[in-house]
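**Q** Sequence:
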Amino acid sequence: MIAAGLLVALLVVYGAVVAAFWWFQRSLLYPGQGRAVPATGARLPPEAGTIAVPTPDGERLRALWLPPAPGAGVVVTFHGNASLPDWHAERFAAGPWRSHGWGVMAPAYRGYPGSTGRPSEAGLIADGLAAVAEARRRAPGAPVLLHGHSLGAAVAVAVAARAGATGLLGLYLEAPFTSMTAMARHHFRFLPARLLSDTWHSDRIIGTVPAPILIVHGDADPVIPAKYGARLAQAAGAGFVEVPGDHVSILGSRDAEAEARFQPAP
175 MIAAGLLVAL
185 LVVYGAVVAA
195 FWWFQRSLLY
205 PGQGRAVPAT
215 GARLPPEAGT
225 IAVPTPDGER
235 LRALWLPPAP
245 GAGVVVTFHG
255 NASLPDWHAE
265 RFAAGPWRSH
275 GWGVMAPAYR
285 GYPGSTGRPS
295 EAGLIADGLA
305 AVAEARRRAP
315 GAPVLLHGHS
325 LGAAVAVAVA
335 ARAGATGLLG
345 LYLEAPFTSM
355 TAMARHHFRF
365 LPARLLSDTW
375 HSDRIIGTVP
385 APILIVHGDA
395 DPVIPAKYGA
405 RLAQAAGAGF
415 VEVPGDHVSI
425 LGSRDAEAEA
435 RFQPAP
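If you read the sequence shown in this note's numbering, its first letter stands for residue 175, the second for the next number, and so on.
Do not take every clue at face value.
Said to hold, decoys possible - Derived CB-CB ranges, DEER-like:
#	residue 1	residue 2	range
1	A243	A430	12 to 22 Å
2	R363	D231	29 to 39 Å
3	G232	S427	18 to 28 Å
4	V415	R359	22 to 32 Å
5	S273	R312	17 to 27 Å
The set of hints was computed from the structure by calculation and includes no laboratory data. Don't be surprised by glycine CBs; every beta carbon is placed ideally from N, CA and C.
Could you put the whole structure together from the sequences, leaning on the hints where they help?
**A** The structure is reproduced here in structure tokens:
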């Protein structure tokens, strides 16, 4: 009798945990939503600035924009789920990128600092497509390189699969995952991953991307282990580089290689 009562209690607790996971899943997936815009702005060249990117469903995204030099491309970069676009904007506005005149479009997802709306998989994909469209509107004819880190890599893959080959230089991914379902199973083995509303199955669509792909992953990444990046590369037939480092320390470690690889043809 006591054992039966204990089992019932455990099932009730487990059910409550599962229900909480389902109810709060988007707060877990998108922890950067609802925060304030950073008090200190990104350190960008004087010709750069903050713009508003409109989306087809009526949201407005805060984005950092640096126009490209004549004949150069634009890096459209997508940040991680707990990150902001500012650091990536600084990074792509300097170093080998800046010396070759690349422009930068770095949007904050809907619901993230300075952007309206609430995040979801469909919403973030719409944001990514809107950012590409705005970059092309502001720099007509400039080819686009899509970059993403962590969750941003999934956004970049989804956008690349939908944007078409015209004017797309490639896809540069850092610490990507195969799917959010796989990540849920990796980190929360006791919870049913099928309850996820936003599954982010990059592995199912990356093979349709009509452009070169470079994937970089840290060998000591505790958030998204390198095996997931390797599996995604295999699904795409893409280049895969495993480097020393964790989820964040690898950022930019292969920028010189990527910049040279994706430079627009003269």
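**Q** Determine for every hint whether it applies to the structure shown.
**A** Now the hints, each set against the structure:
no. : hint                     : in the structure
1   : A243 to A430: 12 to 22 Å : 18 Å, holds
2   : R363 to D231: 29 to 39 Å : 36 Å, holds
3   : G232 to S427: 18 to 28 Å : 38 Å, violated
4   : V415 to R359: 22 to 32 Å : 26 Å, holds
5   : S273 to R312: 17 to 27 Å : 21 Å, holds
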